[in-house]
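Novice: Just so you know, the sequences run in chain order A and B. Those letters in the first sequence? Residues 93 to 272, per this note's numbering, in order. Those letters in the second sequence? Residues 860 to 1026, per this note's numbering, in order.
Some hints could be false.
Unchecked claim - Using 20 angstroms as the maximum straight-line C-alpha spacing, the simulated SDA-like pairs for lysine to any residue come out as follows:
1. 951(B) / 195(A)
2. 937(B) / 240(A)
3. 952(B) / 240(A)
Please keep in mind that the hints were generated in silico from the structure rather than gathered at the bench.
Residues per chain, in single letters:
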Amino acid sequence: MGWVSDTVDSIKSIKLREALHQVITLGMIVTSALIIWKGLMCITGTESPVVVVLSGSMEPGFQRGDILFLTMSKDPIRSGDIVVFNIDGRDIPIVHRVIKVHEGQDTEDTYYLTKGDNNPTDDRVLYNYNQDWLQKKHIMGRAVGFLPYAGWATIIMSEKPIIKYVLVGALGLLVLTSKE
Amino acid sequence: MHSFGYRANALLTFSLTILALMCAIASLTDSFNSPSPSAQVQVLNINWFQKQPNGNDEVSMTLNISGDLQSLFTWNTKQVFVFLAAEYETRKKPLNQISLWDGIIPSKEHAKFLIHTSNKYRFIDQGTNLRGREFNLTLHWHVMPKTGKMLADKIVMPGYRLPKEYR
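Construct the entire structure; sequences and hints are all you get.
Specialist: Laid out in structure tokens, this is it:
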């Protein structure tokens, strides 16, 4: 019976080795992506260094699907800056331009008003009821760079999740089955 | 090693790298442009100047804004966003910036302009500090590139003053 178990062992060891190799390769890809993202977070100082423009409210400057690069530096926010902000109780961040600033002695006493370049009125209609101003705590970052169209893949994937699953599945399969 | 998938992957990676490099270079060429823009603003009239029921000062004015921003345009410029802001300081607020008028300049041909307008956005203070207040009018511009880094600059025009009394 010795040669049977030997054969089984050798087959097992090959499979195991290959499988391990594939898993490690996949792990390397995922972790390096994570390292790049977290590294960008450290450098730029904002939780989301890259955002995709979701609405047409800043047209013709930014269109749906364009990518913006954000930073959150110590420099104070001034009128004219394009900022990304979050209204309390809502998930989706908004990219608009600051049109008014009242800067007090500290951040608690500093107020901003924003407006989309393509919108007829300022953003008080978008803010919460009785909220007239944005404050520092609402602001996630300031746009410094711009790349057109590059965010369309994200928009398609978030609107048609099925495509995301198919794509992730296919990629996973490809990585797992590919031979060096 | 030389399967279809590998070759397609290599080609895609290479073309994306080249594209990213070209975008970076296009953005870099903007820094060789040294623009010389100019602007003049006249306050023609204070239309009215009041204290609102909630206690904040508000003023309405008529402005003549002229400028020449043609030198800002390069081949990587998508548009220039230009706005005029009133800037002043009060005892409680060291900096107040209030946008009075803005516009989008889509091309170099439209970059020389003369505009006669009353303030598009309301000029309201946080408080009652506007009587006799000295303020700057600043023309700001933000250059939006076709790709890459966004640039911004301004021309400060000091020495404007609001009336001493409501009217």
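Novice: All the hints need checking, so say for each whether the structure fits it.
Specialist: Here is how each hint holds up against the structure:
Proposed proximity of residue 951(B) and residue 195(A) is supported: the alpha carbons are some 9 angstroms apart, at most 20 angstroms. Using a Cα cut-off of 20 angstroms, the hinted pair residue 937(B) and residue 240(A) holds, with the two alpha carbons roughly 11 angstroms apart. Between residue 952(B) and residue 240(A) the CA atoms are separated by roughly 38 angstroms; this puts the pair beyond 20 angstroms, and the hint is violated.
The structure fails to meet hint 3 from the earlier list, while all remaining hints are met.
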